[in-house]
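Novice: Next come the chains, spelled out residue by residue.
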Amino acid sequence: MTHEMPQDDPNSARRRWMSVLARADAAAIEIRLGACPPLPAHERVRGPESGLVMVRGRAGGTGAPFNLGEMTVTRCSVRLPGGRVGHSYVAGRDQRQAELAAVLDALLQDPDYAPRLEAAVIAPLEAAQQARRAERAGKAAATRVQFFAMQTMRS
Amino acid sequence: MAYVAVKGGERAIDNAHAWLAEERRGDPALPDLTLPQIREQLGRAVDRAMAEGSLYDPDLGALAVKQAQGDLIEAAFLLRAYRTTLPRFAHSRPIDTAAMQVERRISAVFKDLPGGQILGPTYDYTHRLLDFALAAGDLVPHAPKAHAPQEPMPRVPDILRAEGMMEADAPDDAEPGDLTREPLTFPADRDVRLQALARGDEGFLLGLGYSTQRGYGGSHPFAGEIRMGEAAVEIVPPELGFAIDIGDVVVTECQMVNQFKGSKTVPPQFTRGYGLVFGFSERKAMAMALVDRAMRAEELGEDVTAPAQNVEFVLYHSDNIEATGFVEHLKLPHYVDFQSELQNLRRLRAEVERAAEAEQSPSPVAAEGRGEGAAPPTPHEGAVP
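Chains as they are written, first to last, in our numbering: chain A, 1 to 155; chain B, 1 to 385.
Hints are computed from structural coordinates only; laboratory data are not their basis. Since this is a predicted model, take the numbers as computed values, not measurements. The reader is advised that the hints may include incorrect statements.
Below, simulated DSS-like cross-link-like pairs (lysine-lysine); rule was C-alpha separation at most 30 Å, straight line [to be verified]:
hint : chain 1 : residue 1 : chain 2 : residue 2
1    : B       : 261       : B       : 111
2    : B       : 111       : B       : 66
3    : A       : 139       : B       : 145
4    : B       : 66        : B       : 261
5    : A       : 139       : B       : 111
Restraint-style ranges between C-beta atoms, simulated for each label pair [stated by the list, open to error]:
hint : chain 1 : residue 1 : chain 2 : residue 2 : range
6    : B       : 325       : A       : 115       : 37 to 45 Å
7    : A       : 31        : B       : 113       : 18 to 26 Å
8    : B       : 267       : A       : 115       : 55 to 63 Å
9    : B       : 87        : A       : 36        : 29 to 37 Å
From the structure, some residues in chain A lie toward chain B, with a derived Cβ separation under 8 Å [what the hints assert, rightly or not]:
hint : residue
10   : 18
11   : 41
12   : 55
13   : 95
14   : 133
C-beta atoms are modelled at their ideal positions from N, C-alpha and C, and glycine is treated no differently.
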């Protein structure tokens, strides 16, 4: 999980919302959008269409890259009436998710829309994803072996 | 003849498939299995279908398992066939397993290591007694949670390398070979070997890995580290020009640490075998790491004597889709081939009988006993690939 974006990355804000939208299914995005005014009409420039990404690993974790296997991915590109373009690439085959993610990517680049969408959609989705991650991390932590023989000896 | 036979088979084939569909559904009085049920409750089966099908998509994996009635090689075959229908948009940046959200991480070489030993949802230490409470159904178990400040979990070989005890593994960003695009050729480099192993048959690799432990090309392995969890996948779409995160894949990684005597140029140090597999698939990741190390024998100046060290043998036989295709093709009509075999055999037997008769002609009584038993069948040499 590489969520620490370098501060000097000019694309860090965009990378963040794209990463959040890639992990939220269409239903979850639509529920959050329910709290927002209707989205402006958009034009599909490409897709939504499903395809593959070849996932790579590195020999030994740090060595030369190799092809591990493919995963499904769905992408979409849209244009808003003002000409702003949004893109999405999301794991899986949820075309509605990919289209919503592309529209939101375009709108989040627009300072008129960004604050409201950030508050109503991105922040809550991100919080839900972090909560899920924390939940699993907590369960993992509970299975961490505590070699308490040392403690027993001290007492 | 063959043409007529195919026409005649059409209805039988349709009816066979209709019956298959009925058998797959089973007793209609029972509820139909849903894909989320398979994905959630038969996760290791879905993982295996995805790993050997070389396609990560848990929903499709669940569908393949359902369609194949739980036959996981058939399920992997379905996924391989499906992937050919989709265009490839991109390849990912190599996933960073050091940064993944770890759900299991154990080391058999260091008791105390940064980040600790995390058992995760493991079958280890279970008693392998059938649990009849599961048969009764409807259990809702709860796993305890602990508050955990996330500590970094460096990979064990990286710790050893910092001490100079582990072979260097400098990143080299050459474009890796891709078995889905170019046919396998030899000598096969490690990138291609790792790809083949990652999608290879778990049973085959398990047997080969086991053989290295039993002395067929042994390399004294230690399970340096095994980790499982979610790794983020990043791609760099050309229209954006920067890396974006497209989601996560669950992977299992195994780092085997092996002895190495050293050579004229390299001091004695540890070497490693590497396993990386889609899903939670520890047995496969460990077997892969053993076989990866075994196949490095030549590179490390070791004698190549055992099957697991024979790169051609391993790579030509590790793919269960290819293997099943060639083994199972034997059941397809070979009527014409067989007729010619049969004619050959009849001709040979007639020759043998004629020769025997000629030899025995002065004494026809003695010939009787020998001519009775059939000539031993010539061993069938099998089809040549």
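Novice: With a cut-off of 30 Å on the C-alpha distance, tell me whether residue 66/B and residue 261/B pass.
Specialist: 49 Å, violated
Novice: Regarding the hint that residue 41/A lies at the interface with chain B, is the smallest CB-CB distance below 8 Å?
Specialist: 22 Å, violated
Novice: May I ask you to test the hint 18 to 26 Å on the CB atoms belonging to residue 31/A and residue 113/B?
Specialist: Hint violated: Cβ distance 42 Å, outside 18 to 26 Å.
Novice: Residue 139/A and residue 111/B: Cα distance at most 30 Å?
Specialist: Between residue 139/A and residue 111/B the Cα gap is close to 21 Å, so the pair holds against 30 Å.
Novice: If you draw a straight line from the CA of residue 111/B to the CA of residue 66/B, is it 30 Å or shorter?
Specialist: Not satisfied, since the Cα-Cα distance of roughly 41 Å exceeds 30 Å.
Novice: Should the hint that residue 267/B and residue 115/A are 55 to 63 Å apart at their CB atoms be regarded as holding?
Specialist: 60 Å, holds
Novice: Do the Cβ positions of residue 87/B and residue 36/A conform to the proposed distance bound of 29 to 37 Å?
Specialist: 33 Å, holds
Novice: Mind checking the CB of residue 18/A against every CB in chain B and telling me if the closest is under 8 Å?
Specialist: Cβ of residue 18/A sits 5 Å from chain B, so the hint holds.
Novice: Does residue 95/A pass the interface hint, meaning its C-beta sits closer than 8 Å to a C-beta of chain B?
Specialist: At about 13 Å, which exceeds the 8 Å cut-off, the nearest Cβ of chain B leaves the hint on residue 95/A violated.
Novice: Should the interface hint for residue 133/A be scored as holding, given a Cβ-Cβ cut-off of 8 Å against chain B?
Specialist: Given a least distance of 6 Å, the restraint on residue 133/A holds.
Novice: Does residue 261/B pair with residue 111/B here, judged by a C-alpha cut-off of 30 Å?
Specialist: 25 Å, holds
Novice: Take a look at whether the Cβ-Cβ distance between residue 325/B and residue 115/A falls inside 37 to 45 Å.
Specialist: Given range 37 to 45 Å: violated, Cβ gap about 57 Å.
The structure fails to meet hints 2, 4, 6, 7, 11 and 13 from the earlier list, while all remaining hints are met.
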